[in-house]
Amino acid sequence: MEIVTIDGLTKRYPGFTLDAASFSLSAGRIAGFIGRNGAGKTTTIKSMLNLVHPDNGRISYFGMPLIGNEAQIKKRIGYSTGTISWYPRKKIRTIRDVTKRFYDSWDDATYERYLRLFALDEDKTPLELSEGMKVKCNLLFALSHGAEALILDEPTSGLDPFSRDELLELFEQIRDSGVAIFFSTHIISDIEKCADDIIYISKGRIAAACPKEEFADRYQEPGETLENAFLRLERSAQDA
Amino acid sequence: MRNLLIKEMRLSASVLSFIFVVFGVMFLIPGYPILCGTFFSCLGIFQSFQNAREANDLVFSALLPVSKQDVARGKVLFACIIELSTLALMAIVTAVRMTVLADAPVYRGNALMNANPFALGVALLLFGLFNLIFIAGFFKTSYKFAKPFVTYIIVTFLVIGIAEALHHIPSLEALNAFGFSHLPLQLGLLSAGVVCYIALTGLALKSSAASFEETDL
Chain A
787 MEIVTIDGLT
797 KRYPGFTLDA
807 ASFSLSAGRI
817 AGFIGRNGAG
827 KTTTIKSMLN
837 LVHPDNGRIS
847 YFGMPLIGNE
857 AQIKKRIGYS
867 TGTISWYPRK
877 KIRTIRDVTK
887 RFYDSWDDAT
897 YERYLRLFAL
907 DEDKTPLELS
917 EGMKVKCNLL
927 FALSHGAEAL
937 ILDEPTSGLD
947 PFSRDELLEL
957 FEQIRDSGVA
967 IFFSTHIISD
977 IEKCADDIIY
987 ISKGRIAAAC
997 PKEEFADRYQ
1007 EPGETLENAF
1017 LRLERSAQDA
Chain B
233 MRNLLIKEMR
243 LSASVLSFIF
253 VVFGVMFLIP
263 GYPILCGTFF
273 SCLGIFQSFQ
283 NAREANDLVF
293 SALLPVSKQD
303 VARGKVLFAC
313 IIELSTLALM
323 AIVTAVRMTV
333 LADAPVYRGN
343 ALMNANPFAL
353 GVALLLFGLF
363 NLIFIAGFFK
373 TSYKFAKPFV
383 TYIIVTFLVI
393 GIAEALHHIP
403 SLEALNAFGF
413 SHLPLQLGLL
423 SAGVVCYIAL
433 TGLALKSSAA
443 SFEETDL
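Residue numbers (my numbering), protein chains in the order written: chain A, 787 to 1026; chain B, 233 to 449.
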């Protein structure tokens, strides 16, 4: 079932254009969104969350356009990033008390379960958390309100290999419960490890959006690793 | 909106916003430009905006299941709560000065503005100007607050200066009424202040919501 549909998403900045990006995300699948720095990953994600205003294109969730249904849709999705911490000096407990008020679907039992699973201390502030724990903290909030789609902006950036591996395993567990996961990364091994679908963006254009196996068939040369295939594709895109 | 106000108070607000409400008591100080109390109260609100920007509050709020316009409205309404709390304190002090202290020599010989309903009306005008100049100005970009705050400071001290000077103009002495003298005029001026506050805050609400909706975060 398609949870998110992006169609012809265009955003123009001086010197950069996100050019007619189109792809979709399905329930119970992990989509890895890969591209080099400055390729348009964050612009796409920000547009998907209505943080920036696209010049063209349609974004819909659960069959509803984002514009006009923003509050209703945001109750059913979750967002996490490894690069920003919210209210760095407030206790997680306080942030939870306030956040849960906004969600009818908030489930304290789920919250407690993930709190234990992630080994998070509610009396800590985001400032006291490591990068990996910050991502887990954001995931904790998203999962506690029963998000059906998770949009994660570079969740593995800055993580050590152990924490990254742990997080990717967690994505698989969440995916198995039927949640659609969309995560951006520039680390190819993240995609190799857990993505079901690959969305590859280069110079503001979606160069590929398909299941991982199909990507291998279409773009990988015999004996070539996924990493080498991406490097080759990116080099030829830069030369073009 | 209630949830957004709770979020403002528990997550984004600086404690100074609440503490600086006490500056409403400046209405009790003789020989001092009492309207400066509004400036300190607004300075407390400014601290909350600064706090919010540093805590990534606007992006966090924009991701909550509320419209972006309501996020901006929540900030304006939070400011209104602080302002009206300060005004309530000023009103209590004014009531004391109009009754128990109506004939206190320390106030009778005061060259500066007296605490009366006209002063409360001007305080409301100043709070309304803060909402329109600073808050709506901040939401033009949602991150720059130096220019709107400096503009607010210039305007507010200009208005305070004019309000302090008015009763020295012949025929305008009634503006500085003591006790319950010139009550109809005084209450009329207070009402005018209420109208100004509602109009300016209404404009600030509309402008802030529209600007924030258009802002790329």
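Warning: the hint list may mix true and false statements.
[As the list claims (entries may be wrong)] DEER-style ranges, computed between Cβ atoms:
1. B/393 to A/850: 32 to 40 Å
2. A/798 to B/251: 15 to 23 Å
3. B/446 to A/850: 16 to 24 Å
4. A/909 to B/376: 51 to 59 Å
[Claimed, not checked] For lysine-lysine, the following BS3-like pairs were computed, each having C-alpha atoms within a straight-line distance of at most 27 Å:
5. B/379 to B/438
6. A/832 to A/989
7. A/876 to A/910
8. A/876 to A/832
9. A/832 to A/861
10. A/979 to B/376
11. A/861 to B/379
12. A/832 to B/438
13. B/376 to B/438
14. A/876 to B/376
15. A/876 to A/861
16. A/979 to A/998
17. A/877 to A/861
18. A/861 to A/886
19. B/372 to A/989
The hints are simulated quantities; they were obtained by calculation from the structure and are not laboratory data.
Just so you know, even glycine gets a beta-carbon here, dropped at the ideal spot from N, CA and C.
Quiz item: Which numbered hints are broken by the structure, listed smallest first?
Solution: 1, 2, 4, 10, 11, 19
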